[in-house]
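These protein sequence lines are chains A and B, in that order. Going by the numbering used here, the first sequence opens with residue 1, and the numbers climb by one from there. Going by the numbering used here, the second sequence opens with residue 1001, and the numbers climb by one from there.
Think of the hints as simulated: they come from the structure by calculation, not from any bench.
Restraint-style ranges between C-beta atoms, simulated for each label pair:
id, chain 1, residue 1, chain 2, residue 2, range
1, A, 43, B, 1467, 45 to 55 angstroms
2, A, 154, B, 1407, 47 to 57 angstroms
3, B, 1185, A, 266, 47 to 57 angstroms
4, A, 283, B, 1407, 39 to 49 angstroms
5, A, 16, B, 1387, 20 to 30 angstroms
6, B, 1278, A, 154, 20 to 30 angstroms
Ideal Cβ positions, reconstructed from N, Cα and C, are used throughout, including at glycine.
In case you want the letters, here they are:
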Amino acid sequence: MATIVELPVQNFEGIVDPDWCPGCGDFGVLKAVKTGAAKAGVLPKDLVVVSGIGCSSNLPGYVHSYGFHSLHGRAVAVATGIRLANTDLKVVITGGDGDGYGIGIGHFIHAMRRNLDLTYVVMDNQIYGLTTGQASPTTTKEARTKSTPNGNVELPINPLALALVSGATYIARGYSGEPNHLSDLISAGIQHKGFALIDVFSPCVTYNKLNTYAFFKKRIYKLEDDKTYDSNNAKTAMEKADEWGDRIPIGVVYKNLQPTYEDSEVAFKNGPLTKQSVNVDKNVFGGLIEEMM
Amino acid sequence: MNEVTVGIGGAAGDGIDKSADTLAKSASRSGLHAYGFNSYQSVIRGGHIWLKLRLGEEKVYSQGDHLNALIALNQDSIERHAPEVEPGGAVLFNADKLRVNIPVQDNVMTVPLPIAQLMKPFGAVPPVMQNTVALGALLFLLGMEFDITATVLADTFAHKGKAIIDQNVGVLKAGYEHAREHFVPLGYQWKFSRKRRPFLTGNEAFSIGAVAAGCRFYSAYPMTPASGILTWMAEHSERCGIVVKQMEDELAVANVAIGAGFAGVRAMCATSGGGFALMTEAIGLAGMIEAPVVFIEVQRGGPSTGIPTKTEQADLNQVYGASQGDFPRIIIAPKDTRDCFDSAVEAFNLAEKYQLPVIIVSDLQLSEHPETVEPEHMPATVPIDRGEMVTEWSGEKGEYKRFAFTPSGVSPRALPGTANTLHVVASDEHDEHGILISDVFCNAAVRRKIAEKRMKKMDLALKDLPAPKLEGPADAEVTLVGWGATEGVIREAAQQLNASGVRTNQLHFKYLLPFHAKEATEILKNCKRTIGIEANATGQFARLLRAETGHGVHDQILKYDGEPFEPGTIAKQVRGILKGEKVSLDVNLAEAREIAYHHVRVYMHEEARPGKITKAEGNGFGEPVWQIEIVHRDSGEKQGELQVGVETGSTYTWQPVH
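Work the whole structure out from these sequences, hints included.
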């Protein structure tokens, strides 16, 4: 593996200021994404930050790199296309829980089972913020929201457990109140060869009065502090993924190196697709015509 | 013109397509032109398959109006198609299992083949090899050369080894020799040009065109009738260096292609109407972020799941209106198989030159029927125009603006990975840099200017595209107006009309958006009488034409029964229209027979078949009815009678014999 040369985080400083509410958890995530990319030594020109739609999906506009602010729920699919087209690029997907675990959950699961080399940072605030406070796929059961005035009757999605059974090879959880810890998770996710999910508690200070900074501060603990925890063990990882209540773990829940989709794609044998000539080999082409005669 | 039309009928799983392919390749290697049409059902095994192959010394543009020879692989095929065989023709069938139990036309030769006896010397061979016996017999009857077909079989089975090749050629020979000993040839005298031509479907031509154009990324979700592109691409991906990605749904298919197009490869995806409906939001995204992507929409019979294995041209409104808001897009409707190749190449160039989504509209008939195409019309080297690309940028040029306002509306495109051109593309409205103006930074002037910038590209693209032209006599009495894949069949209908004294010309549209409104108006205002011909129920193109030119069509021939147009039927309907007759939508005799087959399949478990069919009036149904005798398949004993309305198509009564 090549030596990593860390870059100054200023290299990733975007020119536009975020339009998030003061105190939004996403500020911490933005900082951690920039720091994580800098720590991983990715050049801004080789980084593409891809998002869907939602408050948190505005993030690519605040990073000095290439970016693609796509459609609601489609960030993972767009990122897949970018990654397959040019494997020299590092592709980081950023978005919210509604975007990734609601409308986009199909792409999320399939991208994991492909083990594409993508890093997915989900700002999970357990609410639809941009549309002013409806229940999301990770909203706690019985929580009252604008669309569940009598309490949410549905069970929340467990993204870590879902990732574990879907084939993701790097699964972590962060907290935007711990941006340094989070930036380490993101940096490791970017460097991980394979699909990396970093689910981040990113409190919505305006519409989620349940899952607040105080809520998380009281409950979270770092898996790294438990020296006996083996992140390579899927069974104990599932236990940690399921842990919710008085104590909630953050850190690397699971990590396992497996062949990536890119490893087995024969079309990459001559390098990234974007670097290949658009001219077809005349002999190959002649063969295609011949087999139809 | 010297030509012959062969029909092969049987059940799915009978290997009909392979036999037809062998015959077509034999004809093609002899220098004949071929056009095939496979009328299949969406079943893996069983059901009725009907494949027609038209061979001619000159180019044939449709499956035509005739049937000269029939290979029947099951009893249904004899009952359905033997009466269609024209005088001078032949019906070939397995005499061990089948019999001609229905009257055939005068001077039609029945050719019973003792399959078991002929295959005996070859030991245990798969039952599908009965097709090869029949093919051998047919070769003799049609005056085609045995050796050429033997080489086709040798190539087809090359991967299976000499023993299998010998067996196939032997069985072919047995059929050929049997026919030579017992029958006289049908009298075809061919002038074989010996020019070899590829025999391929529209889907294959799209694929090959994409390869020639440098396509490096193809995504799809299986959907008939577009799946042929996916399977071809997958089979050839390694050889051609293309990433072929089957995705989880069409939302992913479209978005992954847009991601790839944005990143800088030539990307394409294809689907049918239902899948395209799922792609529509993404198409607007491609328009908004100005990403080059090629979409192929292969229409099938709608609405909803519709008739998945039947053809229609009823998705024009959908492609025209796909996605919210105004955005630039180009829509191309190729007119024939060769044009599928050209359209794919054009689409990639237009997509990159104008940085927008290009939608190619095909249909089942075009995408799935195979025909011979001149090899020189599908060259390895094609014009490639990647548009204005920025490969390096220095501060001296100022700041790079991805969506820079330019006179043409086209902003030079830098790809991710390029230094000093960092930018974010967004589905939200944005300024020249790509910075959002959608919410708090809203700005009316910038919104107006960037909307104009995007749409300006359409004016330029229009100048790039050839205008429609009138084909045929300028002073024609009638002008046949069509779009897309019906060009060939309308051309043949016009030829038939001109030959019979009706001066006819043809106005056909390939480029649907941007639309050549000025040129089309000039042509239409001088046309004496226009007849729109479309495979849909509402005349979607005629409506577009009226919107764009102020000229509607005077009359319409619309077909939405799932079957392709036939030239003779169009010509007949045109003559009727000119005489002031309405196009009849009544149930005809052959259709009444199919309604009876449906009744037998659903209620009688295939034990019966339609027998005598007569038209009766005054039965108290308020319309004439078809009285269809249903008889036992084996004994011929009458089982009952079905009454079907001629006008409504309603199955009124079923009276069983007790």
